[in-house]
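Asker: Kindly generate the complete structure, drawing on both the sequences and the hints.
The primary structure of each chain is shown beneath.
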Amino acid sequence: RKEVEQDPGPFNVPEGATVAFNCTYSNSASQSFFWYRQDCRKEPKLLMSVYSSGNEDGRFTAQLNRASQYISLLIRDSKLSDSATYLCVVSRTDKLIFGTGTRLQVFP
Amino acid sequence: DTAVSQTPKYLVTQMGNDKSIKCEQNLGHDTMYWYKQDSKKFLKIMFSYNNKELIINETVPNRFSPKSPDKAHLNLHINSLELGDSAVYFCASRSGQGAFNEQFFGPGTRLTVL
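These protein sequence lines map, in sequence, to chains A and B.
For this note's numbering, add 1 to where a residue sits in the first sequence, where the first one is 1.
For this note's numbering, add 1063 to where a residue sits in the second sequence, where the first one is 1.
Please keep in mind that the hints were generated in silico from the structure rather than gathered at the bench.
Do not take every clue at face value.
[Said to hold, decoys possible] The calculated DSS-like cross-link candidates involving lysine-lysine, where the alpha carbons are at most 25 Å apart (straight line), are:
#1 Lys80(A) to Lys1099(B)
#2 Lys1099(B) to Lys1072(B)
#3 Lys80(A) to Lys1104(B)
[Unchecked claim] DEER-style ranges, computed between Cβ atoms:
#4 Lys1115(B) to Gln106(A): 37 to 47 Å
#5 Ala21(A) to Phe1105(B): 33 to 43 Å
#6 Ala68(A) to Lys1107(B): 39 to 49 Å
#7 Lys1115(B) to Glu16(A): 21 to 31 Å
#8 Ala1135(B) to Arg42(A): 34 to 44 Å
#9 Asn1125(B) to Asp78(A): 43 to 53 Å
#10 Lys1104(B) to Leu75(A): 17 to 27 Å
#11 Thr1122(B) to Gln106(A): 27 to 37 Å
#12 Lys96(A) to Asn1125(B): 18 to 28 Å
#13 Asn56(A) to Leu1146(B): 38 to 48 Å
#14 Leu1146(B) to Asp78(A): 17 to 27 Å
#15 Val1075(B) to Ala68(A): 42 to 52 Å
#16 Asp1081(B) to Gly10(A): 31 to 41 Å
#17 Leu1146(B) to Arg42(A): 13 to 23 Å
[Claimed, not checked] To give an idea of the interface, some chain B residues facing chain A are shown, with a C-beta separation under 8 Å as derived from the structure:
#18 Leu1074
#19 Thr1094
#20 Ser1143
#21 Phe1153
#22 Phe1163
#23 Gly1169
Glycine residues also receive a C-beta, built at the ideal position from the N, C-alpha and C atoms.
Answerer: Dropping the structure here:
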């Protein structure tokens, strides 16, 4: 079992839809949490950090539940340009531990 | 201005050869990493260096040897390449140490071993 688990998808949604991704992690010593975005054949880039209080950045909302060891990402009003793989990432000491990613495809 | 750069971008080579991948960052970061992304797209840390000192070695075969001549560079040398080494290798850097700061990734080196 992987330390960070995600549904690989793909999630195929129309433009304007709201889509939610979930992620669970198994190591309670994990210290910080992120969502990274990876476009096809490109490097991962930080989308947003995730805090227990929940945080929002435009159309993106991230939530962390430490008790359940669960992280979520909500994308509202999906755009074609949101098509990518979304990587759930936890950090412990100096290491980033990646989930396998959830693929999102937004269609017109 | 590329923050984290890697060369080469593509590398095709025969089994048994020795090859190197170079990484440079101009962000002034103290910590650099190598990650491997396999054919199933799973991204896994291999090594971490802080100020030229090895911090993390994630049970990588000793055919892989990272070298950090200074804190802006972390090169990866691979001996006796095997088919299973085919992957995309990403270099990354981060300011300071610890769990909280963002890591910045290079564009990746796609290694194909024939």
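Asker: For each hint, tell me whether it holds in the structure or not.
Answerer: Tested hints:
1. Lys80(A) to Lys1099(B): Between Lys80(A) and Lys1099(B) the Cα gap is close to 30 Å, so the pair fails against 25 Å, i.e. violated.
2. Lys1099(B) to Lys1072(B): holds (14 Å)
3. Lys80(A) to Lys1104(B): With Cα atoms ~24 Å apart, Lys80(A) and Lys1104(B) stay inside 25 Å; holds.
4. Lys1115(B) to Gln106(A): 37 to 47 Å: Holds, at about 43 Å.
5. Ala21(A) to Phe1105(B): 33 to 43 Å: violated (22 Å)
6. Ala68(A) to Lys1107(B): 39 to 49 Å: Check failed, 27 Å falls outside 39 to 49 Å.
7. Lys1115(B) to Glu16(A): 21 to 31 Å: The hint (21 to 31 Å, Cβ to Cβ) is violated, given that Lys1115(B) and Glu16(A) are roughly 48 Å apart.
8. Ala1135(B) to Arg42(A): 34 to 44 Å: Cβ of Ala1135(B) to Cβ of Arg42(A): about 26 Å, so the range 34 to 44 Å is violated.
9. Asn1125(B) to Asp78(A): 43 to 53 Å: holds (50 Å)
10. Lys1104(B) to Leu75(A): 17 to 27 Å: holds (23 Å)
11. Thr1122(B) to Gln106(A): 27 to 37 Å: holds (35 Å)
12. Lys96(A) to Asn1125(B): 18 to 28 Å: Given about 20 Å between the Cβ atoms, the range holds.
13. Asn56(A) to Leu1146(B): 38 to 48 Å: Once the Cβ atoms are compared, 43 Å apart, the range 38 to 48 Å for Leu1146(B) and Asn56(A) holds.
14. Leu1146(B) to Asp78(A): 17 to 27 Å: Between Leu1146(B) and Asp78(A), where Cβ atoms are some 45 Å apart, the hint is violated.
15. Val1075(B) to Ala68(A): 42 to 52 Å: Hint holds: Cβ distance 49 Å, inside 42 to 52 Å.
16. Asp1081(B) to Gly10(A): 31 to 41 Å: Taking Cβ atoms as reference, Asp1081(B) and Gly10(A) lie about 38 Å apart, which means the hint holds.
17. Leu1146(B) to Arg42(A): 13 to 23 Å: holds (21 Å)
18. Leu1074: Check failed: Cβ of Leu1074(B) comes no nearer than 15 Å to chain A, outside 8 Å.
19. Thr1094: holds (7 Å)
20. Ser1143: violated (27 Å)
21. Phe1153: holds (6 Å)
22. Phe1163: holds (5 Å)
23. Gly1169: holds (6 Å)
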